[in-house]
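Q: Sequence:
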Amino acid sequence: MTDATLIGKKAPNFKRPATGDQTLSLKDFKGKKLVIYFYPKDATPGCTTEGQDFKNAIKQFTQHNCAILGVSRDPIRSHERFKEKQGFPFELLSDEDETMCKSFDVIKLKKLYGREYMGIERSTFLIDENGKVVQEWRKVKVKNHVDEVLAAVAAL
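Numbering-wise (our numbering), the sequence shown opens with residue 1 and increments by one.
Keep in mind that the hints were calculated from the coordinates and are not lab data.
Mixed in with the good hints there might be a few duds.
Here are the computed lysine-lysine pairs in the DSSO-like style, where the Cα-Cα straight-line distance is at most 27 Å [claimed, not checked]: (1) Lys55 to Lys132; (2) Lys132 to Lys111; (3) Lys9 to Lys27; (4) Lys102 to Lys9; (5) Lys27 to Lys41; (6) Lys27 to Lys59; (7) Lys111 to Lys32; (8) Lys41 to Lys141.
Pair ranges (Cβ atoms, derived) [as the list claims (entries may be wrong)]: (9) Leu112 to Asn65: 33 to 41 Å; (10) Trp137 to Pro75: 35 to 43 Å; (11) Lys108 to Pro75: 17 to 25 Å; (12) Thr23 to Ala155: 39 to 47 Å; (13) Leu112 to Lys30: 36 to 44 Å.
Cβ atoms here follow ideal geometry from the backbone N, Cα and C, with glycine treated the same way.
Using the sequences provided together with the hints, build the complete structure.
A: Here it is in structure tokens:
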């Protein structure tokens, strides 16, 4: 895939296993704004902080008729533990086969300690009530990110 933007396009459809013993798809959020944030791994420092920031702003997102979903390649059991331990008030989707990650083009070549591997590039997408991507953030830095997302949601 290329680094083409999804802004202005219909959001890629998805149907993934989610926490709370559910399967969620894009159509479950029709008529609502939706923030989907992709993160590398459950229970790691940056991913925990990002999830906590979304949790702390959940009331503001809800006031703007906006739902939040977190997505990583971790299995559902890992997601359930992570969600419970952190008290996240939103669902986490498991994308072990990377179908959803690839459709949003967030699998990128990464480097850690000189080793190269394919992994999730921290990315966030804002989808409007009609299922269209209206904003995207790629190569996200966690600090102040949720404030930026919330401002974009409020401006819709």
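Q: Run the structure past the numbered hints and jot down the numbers of the failing ones, going up.
A: The structure conflicts with hints 2, 7, 10, 12, although it agrees with all the remaining ones.
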